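Visitor: For this one, chain E is given, so just place chain F on it according to the hints.
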Amino acid sequence: MEADLTWRVDGVEHTLAVDTRTTVLDALRDRLGNTSPKKGCDHGQCGACTVLVDGRRQLSCLGLAVAHDGSEITTAAGLVDGDELHPVQQAFVDHDGLQCGYCTPGQVCSAVGMLDEVKAGHPSAVSDDLEADVELDEDEIRERMSGNLCRCGAYSNIVAAIEEAARA
Amino acid sequence: MTQQLDTTEIGAARGRVDARAKVTGTAPYAYEHHVDQATYGHLVLSSIARGRVTAIDATEAFAQGGVHAVVTHENAHRLADVSDGELAVLQSDRVGFRGQIVAIVVAEDPETAREAARLVQVTYDEEPHESVLDADSPDLYAPDQVNPAFETDTDEGDVEAALAEAAFTVDAVYETPVQHNSPMEPHQTVATWDHHDGRDRLVLLDSTQGVHPVRQTLAPLFALDPQQVTVEAPFVGGGFGSKGMPHANVVAAAIAAKHSGGRPVKLPLTRQQTFTLGGHRTPTVQRVRLGADADGRLDATWHEVVEHTSRVKEFAEQTAVATRLMYDSPNRRTSHRLHALDVPVASWMRAPGEAPGSFALEVAMDELAVATGVDPVELRVRNDPASDPESGHPWSQRHLVECLREGAERFGWQTGVPPRSRREGRWLVGQGVASATYPLNVMPGNEAEVEALDGGRYAVRIGAVDIGTGARTILGQIAADALGCPVGAVELSIGDTSLPFATVAGGSAGTTSWGSAIVAAARALRDEHGASPAVGAVARGVQPENPDTEQYSIHSFGAHFVEAHVDAHTGEVRVPRMVSVFSAGRIINPTTARSQLLGGMVMGLSAALHEETVIDPSGRMPNHDLAQYHVASHADIGHLEAHWLDEVDEHANPMGSKGIGEIGIVGAAAAVANATFDATGVRVRSLPLTADKLGG
Chain E
1 MEADLTWRVD GVEHTLAVDT RTTVLDALRD RLGNTSPKKG CDHGQCGACT
51 VLVDGRRQLS CLGLAVAHDG SEITTAAGLV DGDELHPVQQ AFVDHDGLQC
101 GYCTPGQVCS AVGMLDEVKA GHPSAVSDDL EADVELDEDE IRERMSGNLC
151 RCGAYSNIVA AIEEAARA
Chain F
1 MTQQLDTTEI GAARGRVDAR AKVTGTAPYA YEHHVDQATY GHLVLSSIAR
51 GRVTAIDATE AFAQGGVHAV VTHENAHRLA DVSDGELAVL QSDRVGFRGQ
101 IVAIVVAEDP ETAREAARLV QVTYDEEPHE SVLDADSPDL YAPDQVNPAF
151 ETDTDEGDVE AALAEAAFTV DAVYETPVQH NSPMEPHQTV ATWDHHDGRD
201 RLVLLDSTQG VHPVRQTLAP LFALDPQQVT VEAPFVGGGF GSKGMPHANV
251 VAAAIAAKHS GGRPVKLPLT RQQTFTLGGH RTPTVQRVRL GADADGRLDA
301 TWHEVVEHTS RVKEFAEQTA VATRLMYDSP NRRTSHRLHA LDVPVASWMR
351 APGEAPGSFA LEVAMDELAV ATGVDPVELR VRNDPASDPE SGHPWSQRHL
401 VECLREGAER FGWQTGVPPR SRREGRWLVG QGVASATYPL NVMPGNEAEV
451 EALDGGRYAV RIGAVDIGTG ARTILGQIAA DALGCPVGAV ELSIGDTSLP
501 FATVAGGSAG TTSWGSAIVA AARALRDEHG ASPAVGAVAR GVQPENPDTE
551 QYSIHSFGAH FVEAHVDAHT GEVRVPRMVS VFSAGRIINP TTARSQLLGG
601 MVMGLSAALH EETVIDPSGR MPNHDLAQYH VASHADIGHL EAHWLDEVDE
651 HANPMGSKGI GEIGIVGAAA AVANATFDAT GVRVRSLPLT ADKLGG
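Protein sequence lines correspond, in order, to chains E and F.
Each residue of the first sequence is one higher than the last, beginning at 1 in the numbering used here.
Each residue of the second sequence is one higher than the last, beginning at 1 in the numbering used here.
Hints were generated in silico from the structure; no laboratory data involved.
None of the values given here were measured: they were computed from a predicted structure.
Glycine included, each C-beta is placed from N, C-alpha and C at the ideal position.
Check the hints yourself; a few may be wrong.
[Said to hold, decoys possible] What follows is a list of derived Cβ distance ranges for each label pair:
1. R167/E with L140/F: 55 to 63 Å
2. R410/F with E13/E: 53 to 61 Å
3. G15/F with D54/E: 29 to 37 Å
4. T59/F with A125/E: 49 to 57 Å
5. A691/F with D128/E: 18 to 26 Å
6. D54/E with P418/F: 51 to 59 Å
Next up, chain E with everything else stripped away, as it sits in the complex (with noise of 0.2 Å):
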């Protein structure tokens, strides 16, 4: 059984028929050819998939494709400004946060979506109070970017990436 459905994604506007089983992640890759979230488990257990939907972040594995008409979405490849890379994404090349590089688009995203958490106030299960202004510590990105499993290793630089970004 195939829907109709509109979307946005990476600031361009896409109408397409899609089988009402397709995943959101399936329907960039697959149907858009748009390969910036990676499939790593497809079961929201890894985070390589994770991008913005209407600017938070999102396992885009676990939603389905249909259930996303009308939405916003932001893949990795999107979030350049024309040459410019965005501020994560040139942290984590400059603090060498990736290695395989198949984790890093949903590292980024995820860290992209965490910062606006961050701005907005989010406490974590790490903040000890829950009221305040969050401090970016270390703990506190460790604990929050917990969703994005890299097996290469490359969590420390990640993390300085972060906070670097974090920073600016």
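Guide: Showing chain F alone in chain E's frame:
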């Protein structure tokens, strides 16, 4: 002594040349390449551990519409060579393990393929099976050799007499579980059959650690000349050994593409399927006996290993091999025994042999330190051998002692503090140390090509693969120094069988093996065409043999220092701090090297704290996903430091470098285990170090 390069680019901290493509997600991995007229494959895996497939009913699957083929043992393309039990995909009705390929669905789109695969009805004649390792099984056997070609057993001196006379002894059994490489990119292949130069051609886009090895393995299966198989792997989302040799999924993709009406087949494995098809580290049961004099000097070292292997294909991990040379011990005995089971095929996982073997030996050394009252760092220093105990050869360099000394200082190692004597709130605090070693492996046969371009630029070509190591970056640096040009003048091409032959990205051997070929090609260009070659001048170089590898024992070494916190009430273990120092020859690129060393340490911490694949009596791997097979996440990793000695090993290769891909994981789990003992006084001899083993 190999002729050393003058280094300008080598040693410079260069950023990863493909970083921009990776942070934007635009670097294309195998499945992500656009191919016209693609079809999609999905595998059906066996639900029994041993027996025969008696019937396959694909009626419902075909009723989906859009299903092009259901390939089974009854209709599958016949392979020309079925001698490799793992790769003989759909060539008989036999089932050798739970999770083996019994059918491939080829369909118009991925959703249809997956649903149709679910609807394929397979009937079995099930036979009795064994799937759980039993170190006391009467069926244990000695393999002819252990991976890749080491002696199965060694026996030097009289270890039993030495143990009987020793002032202090350790005799304990250590266990490591099944572990899975779990690269973030699951194994995936795009396969197409076409015609080229009047002959059939198999075109593969694959997630592999070696394009030429895939070609060499698949060509005879399909009765092809190697030239009739092309393999591309421009970007690979990690491997850690699991993509070091082609597994059944690659053969399945090539077979599926024989049944797709000439159209390409994209065949990704699901994460779950990678657990039974992508290889794993064998579980080990290791008995270690040490005998030492009153000062802690070893006189006897006896390391016996039992591990499993699949009845489908033997893999014998070289778990005790590093013990043969790690410490000075006049009397030494090592052995490996296998228990053949109806389980998936074990294979390479980062530092096969050294990783599980070092857990046993380095925890045993910690136990010896406790028994003798000698500080664990000092105990290792006292037992440092002047030459390789196994071969008798001199070391090219052995700077383990320097790693231990520098690491102890950087870490702030405390001597003379008894176990379970430090506490911070609810956390019991301990420190642990372990040594690491990894051999210089050299894979022979690499070739490279250099072509002079205009404007003083050079094309450098070799079929190497960058699986995240940084090869794409550092091979350019090596080429620049070999050619005496800036790194920006090098245009490097890798990852394709159309390029000169390259061996696998594995065994920490890539840089040595590929780099030596690039240096040979650059020197050939200079010899044949001078300092200012005409545009279009081409030279090829073959990696020369290095006679020093026969005359010297060439190894990397390292020392890990870990601070562990154990919750006094629950037994939960946290590692807030780890400091490691390595001796690995010249570091080609400090940026990418540091990342790779840290990555090995993280995988070692993950093995220490989390990783365990269960194989249950039914032959299932019930925790076959990334939620239940937990690998270290951001929150599991504290402050890590990777340092190295500033040195050059002129016996190793023209760059003076040794491998760094695996040394980081070796010994890491033992250091954690030793730190948890220091924190709690509880000695845990099996991985992972979960709360249930430390609590109470």
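Visitor: Any hints this thing doesn't respect? Which numbers, in order?
Guide: none
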